[in-house]
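Chemist: Chain by chain, the residues:
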Amino acid sequence: MSTMSIISYQEAARQAVAEEMRRDKRVWALGEDLGRGGVFGQYKGLVEEFGPERIADTPISEATIMGASVGAALVGTRPVVEMRFADFALCAVDEMVNQAAKARFMFGGQARVPMVIRQPSGMWRSSAAQHSQSLEAWYTHIPGLVVAAPYTPADNKGLLKSAIRCDDPVIYIEHKANWDLEGEVPDDDDYLVPLGPARLAREGADITLVTWSKMVGEAEQAALLAAEQGIDIEIIDLRTLWPWDQEMVFASVAKTKRLMVVHEAVQVGGFGAEIAATVAEHMAHVLVAPIRRLGAPRAPISYAKPLEDLLRITPEKIVALASEQMAV
Amino acid sequence: MSTMSIISYQEAARQAVAEEMRRDKRVWALGEDLGRGGVFGQYKGLVEEFGPERIADTPISEATIMGASVGAALVGTRPVVEMRFADFALCAVDEMVNQAAKARFMFGGQARVPMVIRQPSGMWRSSAAQHSQSLEAWYTHIPGLVVAAPYTPADNKGLLKSAIRCDDPVIYIEHKANWDLEGEVPDDDDYLVPLGPARLAREGADITLVTWSKMVGEAEQAALLAAEQGIDIEIIDLRTLWPWDQEMVFASVAKTKRLMVVHEAVQVGGFGAEIAATVAEHMAHVLVAPIRRLGAPRAPISYAKPLEDLLRITPEKIVALASEQMAV
Amino acid sequence: MSRQATSTDGHNIDRDRLVDLYRTMRRIRAFEEAAEKASITGQVGGAVHLSIGQEAIAAGVCANLRQTDQITTTHRGHGHCIAKGTDPGAMMLELFGKEGGTCGGKGGSMHIADFEVGMLGANGVVAAGLPIAVGAAHGAKLMGEDRVVVCFFGDGAINRGPFMEALNWATVFKLSVLFVCEQNGFASTTHSDAVTGGGGANARAESLGLEAHTVDGNDVAAVDALVADLIPRIRGGSGPMFLSANTYRLKGHTSMDPALYRDQDQAAAQWDVDPLIRAADELRRLGLADSDLAAIDSAATGEMSRVSEAADAADTPALEHAFADIQDVGAPVWEAQS
Amino acid sequence: MSRQATSTDGHNIDRDRLVDLYRTMRRIRAFEEAAEKASITGQVGGAVHLSIGQEAIAAGVCANLRQTDQITTTHRGHGHCIAKGTDPGAMMLELFGKEGGTCGGKGGSMHIADFEVGMLGANGVVAAGLPIAVGAAHGAKLMGEDRVVVCFFGDGAINRGPFMEALNWATVFKLSVLFVCEQNGFASTTHSDAVTGGGGANARAESLGLEAHTVDGNDVAAVDALVADLIPRIRGGSGPMFLSANTYRLKGHTSMDPALYRDQDQAAAQWDVDPLIRAADELRRLGLADSDLAAIDSAATGEMSRVSEAADAADTPALEHAFADIQDVGAPVWEAQS
Ligand SMILES: Cc1ncc(C[n+]2csc(CCOP(=O)(O)OP(=O)(O)O)c2C)c(N)n1
Ligand SMILES: Cc1ncc(C[n+]2csc(CCOP(=O)(O)OP(=O)(O)O)c2C)c(N)n1
Ligand SMILES: [Mg+2]
Ligand SMILES: [Mg+2]
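Residue numbers (the working numbering), protein chains in the order written: chain A, 1 to 328; chain B, 1001 to 1328; chain C, 2001 to 2338; chain D, 3001 to 3338.
So that you can see chain A by itself, here it is in the shape it has in the complex (with noise of 0.2 Å):
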């Protein structure tokens, strides 16, 4: 039996890269900074036990960052890519896109490419347009690649753990205002999520809410809001974007008969549209009221603290939604 603690996102994830470089010495991280801790801590003291050549520190170097690790993992090694900011991946596209995640494919299976490509995401403090955006919608665009975005602590360690195992190119995405969110994670080595399944965060009678990453701990507030008003929400935490969970949504939806999609990242062309679409296919006979998205204007994201706010996806904003549907 597995013991727990309650430790934060981010050392869950610190842990999970630990115990994998343990357990597999093909396993290594490269990026920026990685020797003092990371840019956010996330790698604290892992150099110390795994040394530089492990964790190893990089020029400002995107493309290449991604490019070698490619190369890396077609010879067989695991990198855990460091992005910094999800931002910042941008600078490497052709490597993630054109590159990690045609080369198994291209080369009719020849070889594979593992690697995780961590990409910390979302809103946090006031960064303004270049530093928090939230692209995941992008990946789950693009054959060949596998998309996680985690909420819970025990997520972001389990998930990372499979991420790594994985033999396909992984885009990792943390959010960035989650890193000191605490939470009980098994301390098993083996505690692994596997990609794919979703996870029922809530249960709820009346509206099917499908979120991942941060805004899970905004639905899981504004349930409680709506409780009060007597609306139940479940909600299901995607946690793996691609593939995503169609069977539990889909069993969800056939229960509650309403769905709601909220996510930080833009509304228009978000991952958001490809749920509700395909929910509208394929189960528009069960549903009594329409389908509702919730994500951002589409609007570059503001410094200004209460302009960056408008664009926030707030408990009240999808509390408000609820009961509109709910009202239909």
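Because the hints were derived from the structure by calculation, they are not lab data. We put the beta carbon where it would ideally sit given N, CA and C, even for glycine. It is possible that part of the hints are untrue.
Stated by the list, open to error - Restraint ranges, calculated between C-beta atoms of paired labels, are given here:
{"no.": "1", "chain 1": "A", "residue 1": "Gly41", "chain 2": "C", "residue 2": "Glu2211", "range": "54 to 60 Å"}
{"no.": "2", "chain 1": "D", "residue 1": "Asp3312", "chain 2": "B", "residue 2": "Lys1317", "range": "26 to 32 Å"}
{"no.": "3", "chain 1": "A", "residue 1": "Arg23", "chain 2": "C", "residue 2": "Thr2214", "range": "47 to 53 Å"}
{"no.": "4", "chain 1": "C", "residue 1": "Thr2316", "chain 2": "A", "residue 2": "His285", "range": "45 to 51 Å"}
{"no.": "5", "chain 1": "C", "residue 1": "Glu2335", "chain 2": "A", "residue 2": "His285", "range": "32 to 38 Å"}
{"no.": "6", "chain 1": "C", "residue 1": "Glu2309", "chain 2": "A", "residue 2": "Ala251", "range": "58 to 64 Å"}
Said to hold, decoys possible - Straight-line distance between alpha carbons at most 27 Å, and here's what the computed DSSO-like set of lysine-lysine pairs gives:
{"no.": "7", "chain 1": "C", "residue 1": "Lys2251", "chain 2": "A", "residue 2": "Lys176"}
{"no.": "8", "chain 1": "A", "residue 1": "Lys305", "chain 2": "C", "residue 2": "Lys2251"}
{"no.": "9", "chain 1": "C", "residue 1": "Lys2141", "chain 2": "B", "residue 2": "Lys1025"}
{"no.": "10", "chain 1": "A", "residue 1": "Lys25", "chain 2": "A", "residue 2": "Lys44"}
{"no.": "11", "chain 1": "D", "residue 1": "Lys3174", "chain 2": "A", "residue 2": "Lys44"}
{"no.": "12", "chain 1": "C", "residue 1": "Lys2141", "chain 2": "A", "residue 2": "Lys44"}
{"no.": "13", "chain 1": "B", "residue 1": "Lys1044", "chain 2": "C", "residue 2": "Lys2174"}
{"no.": "14", "chain 1": "D", "residue 1": "Lys3037", "chain 2": "B", "residue 2": "Lys1305"}
{"no.": "15", "chain 1": "A", "residue 1": "Lys176", "chain 2": "C", "residue 2": "Lys2037"}
{"no.": "16", "chain 1": "D", "residue 1": "Lys3251", "chain 2": "B", "residue 2": "Lys1044"}
{"no.": "17", "chain 1": "A", "residue 1": "Lys257", "chain 2": "B", "residue 2": "Lys1257"}
{"no.": "18", "chain 1": "D", "residue 1": "Lys3251", "chain 2": "B", "residue 2": "Lys1176"}
{"no.": "19", "chain 1": "C", "residue 1": "Lys2174", "chain 2": "B", "residue 2": "Lys1025"}
{"no.": "20", "chain 1": "D", "residue 1": "Lys3141", "chain 2": "A", "residue 2": "Lys44"}
{"no.": "21", "chain 1": "A", "residue 1": "Lys25", "chain 2": "D", "residue 2": "Lys3174"}
{"no.": "22", "chain 1": "A", "residue 1": "Lys305", "chain 2": "C", "residue 2": "Lys2037"}
{"no.": "23", "chain 1": "A", "residue 1": "Lys25", "chain 2": "D", "residue 2": "Lys3141"}
{"no.": "24", "chain 1": "C", "residue 1": "Lys2141", "chain 2": "B", "residue 2": "Lys1044"}
{"no.": "25", "chain 1": "D", "residue 1": "Lys3037", "chain 2": "B", "residue 2": "Lys1176"}
To be verified - To be clear about the criterion: a stretch of chain A counts as covered by chain C if any three or more of its residues have a C-beta under 8 Å from a C-beta of chain C, and this derived list gives those stretches:
{"no.": "26", "stretch": "27-36"}
{"no.": "27", "stretch": "59-73"}
Here the structure of chain A is known, so what remains is to put chains B, C and D with the ligands in place on it, guided by the hints.
Modeler: Just chains B, C and D with the ligands now, kept in the frame of chain A:
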């Protein structure tokens, strides 16, 4: 009254650039091999008329082709940026998304970024996974960007001219398999197709089919086949994806009560999801059949023709889906 | 690095000019000290990267530019903005995220821009300013204008691909750009040297066809003298040039960074070769009275504490600005959002 | 370029070795002539970039590699593949998009790979192979293997940012990479010189800390001799090195390109310094009989016309392969698609 000529999609674009360069000294074009007419011949003869400063041959430096264009746009010129293949634009994503799309906003409106980013897209002659992608959905997700994807030669002239006159960055997606497509195009130097409104490509009573770029042609063929089965398809050629013509789509769906969205891009996370989701949110009550999307499977594009063909949207696939929808 | 002697002696700098340069540096310092404070108190919400210790480069370079000349800068760009003529009041409002900020409060420290004085923007993406600067110069060339564009960036930025692409581009198109590399020893928490192969910035620049210079970036008179020589040549059509300015980042990477990863004695010693101290020493040598120096200092401190107070008191931007200046077609409509 | 004398004389090359190199070159030539033909007839559907005229580089470099050594190449990589030991039969099947192709027909000419012989992949994106090669060498270092990785690319690729990043990376991590720049004068329809600033590839490499060499890339013995010297040093831990090989692209950019944008007389003259002609002349000088040469030539031509015929006759890949090897979780299911 404007006279018309029958010209190709490629010639239409060439005329658009030439006319706008004559009209406005600030307009210039840059990219690899433009001095020899560009890789598809779409700049043929322009260097002879405008000289090598305004039809500029660049090094193979996509990031700087894009970034320098941002700088040149910020100071008042109007670059037409040739990316050659949409796939290569992935070498310049920071410059497109973090810089071009955000500068006007981040700088509080002090400056504009009038640039057109031409991204020839789509499957063309067994070009395999790195030369065939359709990534328009990505750009619809990015605040600050306009996205256009014309199908007819007339639209390729009128929209490209509008894009060049637009004060914001426009992602301009031409289909590589369309260059030789001929059609009537107004000779008028001021023939503009505004960014935004869709084009009703075919009137029909039974199903609204929303599509864009080369798939309009497939849809038109499908409509003929479907007509033989008594199914009357209305085709909306979106031509601008952001902003898209919600009004025309909604009006058509209100009439036909059925929606199909068809695109060449991967279905998962494609722009079809946005249209489907939006209609599901707002028009669920009028629909008599579930919405249907038709896009490519989430697979890299194979080189071998029969495998490549598997990924194509064909008139037959469209008709099959249409009959299915009518059967509901 | 050991303590360096001031090398201003050789430059025969005019005292009045040095006073002006000193004043610019002091104003930058005072601005950043105020910004640092406001960052620590939380009045400034976003990341603040201080150029404390690097002011001589901003001052010495920009003193040689016309208002119509243009610059691009980085996350660490307050000094360049002030030296180019941006109003510190508007800058501080921007840092506070307030109405009247250079960008209406929508950009913050890392996105300050002031097109009226040729400040084409700070940038949150390392090395992203290089292609933009090159493009601004390309635009000038196309329009037949004799502007010079100065591009500031750090020693960490030279390892990003766009660095090379931009320099090559500037050479190929013979553009009027001065690239200024601020060699402050660090890229965030990493020693720049540890991740930089070969002969460094100047060797790379020369290999790309640029004339490359090195200057003691803590010696404002030396920077001024050298740049005074380079800018007219660039304006005259020499093509792009490169300048490495050796300096030291006296503070951490951000205002929140205690910078414990570096040798603390060495870091402390760098305060002795602070460009402000060196310029003040030189001014004294040139006969400026201590009281005159003190007056400059207190004017600067006073100015910046006023702009800081004003910024604190100012209004936040009207909410609808969150949806303004996105794009002409297809932007969200404020009324629909609110 | 004027006609160059063969410089093999100085290399005291063993005749048997030169015969082997000649045979490799001739096989590459014959493969590409067959591919060109199949491209023109439409049997090969995708773009075909011929390295005709550049074979000496592939042959001379790869002759010095072990099977466990690795290479990456570009859109113009047939020669490198054959020289590294990839079966031309599988390559031709790949070009034809047939079952049994190196990549099962899913990649085509621009994505040939053969991991068993250390051929880590061609690439459709210019310069994308450099970081990958560097990463392969980084992997070898981490795993304690003494492999050398050779990275082939063109003179146009040196203007993309990843070129600089990859070279810097190789220096910083002291990796066992040999970068080979094929200076064929063109980047597609553009003269490479016209868009390349400064001293070119070697100057850049040296500025990044790499030992850089130049060789007459049409002289297979010279290439062989130089690389024979470099590879053991690299394997011994010297760190990365750079080699510019001067050559000429005798054909157009693709098999469809008549290359009318270049001086036709100059282009014609280049056929006289074709590396095959030069090697054949040298072999005759070393006493090889014309009949022996002819035998090598006809063996190569025969081999490649057989692989071409076999490819034509082969089956197309099973359709379900379009959905195989995408990813372990979340790939489309063939049954659901068909
Ligand atoms: C492309 C990119 N990668 C990483 C970062 C994170 N980052 C911000 S500043 C910095 C260090 C930059 O060092 P340098 O260029 O020397 O400038 P300095 O901070 O020393 O002024 C890093 C790595 C970024 N902003 N952009
Ligand atoms: C990033 C990128 N930009 C542009 C292209 C189109 N392209 C293919 S080959 C080529 C020329 C490459 O020149 P060089 O590197 O000298 O190789 P060569 O063709 O001469 O062997 C270009 C521009 C591409 N494939 N990838
Ligand atoms: Mg620095
Ligand atoms: Mg070349």
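Chemist: Taking the numbered hints from earlier one at a time, note which ones the structure violates and give those numbers from smallest to largest.
Modeler: Checked against the structure, the hints that fail are numbers 1, 12, while the rest are satisfied.
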